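Chains as they are written, first to last, in the working numbering: chain A, 1 to 115; chain B, 1001 to 1112.
There may be inaccurate statements among the hints.
Stated by the list, open to error - Pulled a few chain B residues facing chain A out of the computed Cβ check, cut under 10 Å: (1) Gln1006; (2) Gly1041; (3) Gln1045; (4) Leu1046; (5) Phe1089; (6) Ser1097; (7) Gln1099; (8) Gly1103.
These are computed hints drawn from the structure, not numbers from a lab. Here the structure is a predicted model, which means the values were calculated and not measured. Even glycine gets a Cβ: it sits at the ideal position worked out from N, Cα and C.
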Amino acid sequence: EPEVTQTPSHQVTQMGQEVILRCVPISNHLYFYWYRQILGQKVEFLVSFYNNEISEKSEIFDDQFSVERPDGSNFTLKIRSTKLEDSAMYFCASSEAFRVQLEQFFGPGTRLTVL
Amino acid sequence: GDSVTQMEGPVTLSEEAFLTINCTYTATGYPSLFWYVQYPGEGLQLLLKATKADDKGSNKGFEATYRKETTSFHLEKGSVQVSDSAVYFCALVVRTSNQFYFGTGTSLTVIP
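The whole structure should be built from the sequences, with the hints applied where relevant.
So this is what it looks like as structure tokens:
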């Protein structure tokens, strides 16, 4: 069964460093997403991406965040200068199309720890 | 704005007990409602969904009914198993967006 994969499973970084979180969405999916969950809080939407551009983003997704689809398979989230409050579980997701009834398929997450 | 409020956990039940996890929502539009489940070390998996009022989603013995009058989508299962131990997330998406709004998740542990 096709699945979304994410690497690494756990990333530890120093405050101020850049990190890149990687995701491989399901191959025939066209929409890609990043969410995050700070420990004990809700899963929050960050950004959606379609046709090589951002289609929606939340207030959380400020200038320190960027997304990219560098090739036909990977989808990345870059945090330019990490802060302590960026420590969270980051989930990538993908969906076939933009229809509200369709589910999004989620990866297992990358736990980011900023020291 | 759009949001989901979900029952706080953790929840611990004995095998074969009845499960209810409460979920209520606030939405500006007419949302679709989902329950996702996350097993240890895995991603969020769709458990069930309902796209209009009075629809009942069901899967693996779990059920939830879309109640517009009470803005609720409570998850139920008549007899839980140890293998149901996981974190359960209620979520909604509105028609004008593909952004999911999640609750905080409810951790369920079922003991033999």
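Discussion item. Please check whether B/Gln1006 passes as an interface residue: C-beta within 10 Å of a C-beta belonging to chain A.
Written reply: Hint on B/Gln1006: holds, closest Cβ of chain A at ~9 Å, below 10 Å.
Worksheet entry | B/Phe1089 as an interface hint toward chain A, with CB separation required under 10 Å | Holds, because the Cβ-Cβ distance from B/Phe1089 to chain A comes to roughly 6 Å (cut-off 10 Å).
Item to complete: Could you check if B/Gln1045 really has its C-beta closer than 10 Å to a C-beta on chain A?
Response: 7 Å, holds
Worksheet entry | Interface hint status, B/Gly1041 versus chain A (Cβ within 10 Å) | Where the cut-off is 10 Å and the nearest Cβ of chain A is about 6 Å from B/Gly1041, the hint holds.
Worksheet item: Any CB of chain A closer than 10 Å to the CB of B/Gln1099?
Response: Holds - the Cβ of B/Gln1099 comes within 10 Å of chain A, reaching about 4 Å at its closest.
Item to complete: Verify the interface restraint on B/Leu1046: the C-beta must sit less than 10 Å from at least one C-beta of chain A.
Response: Status holds, d = 4 Å.
Worksheet item: Should the hint that B/Gly1103 touches chain A count as held when the rule is a Cβ pair under 10 Å?
Response: 6 Å, holds
Worksheet item: Taking 10 Å as the limit, does the beta-carbon of B/Ser1097 come near enough to a beta-carbon in chain A?
Response: It holds, given that the least Cβ distance between B/Ser1097 and chain A is near 6 Å, below 10 Å.
The structure shown violates none of the earlier numbered hints.
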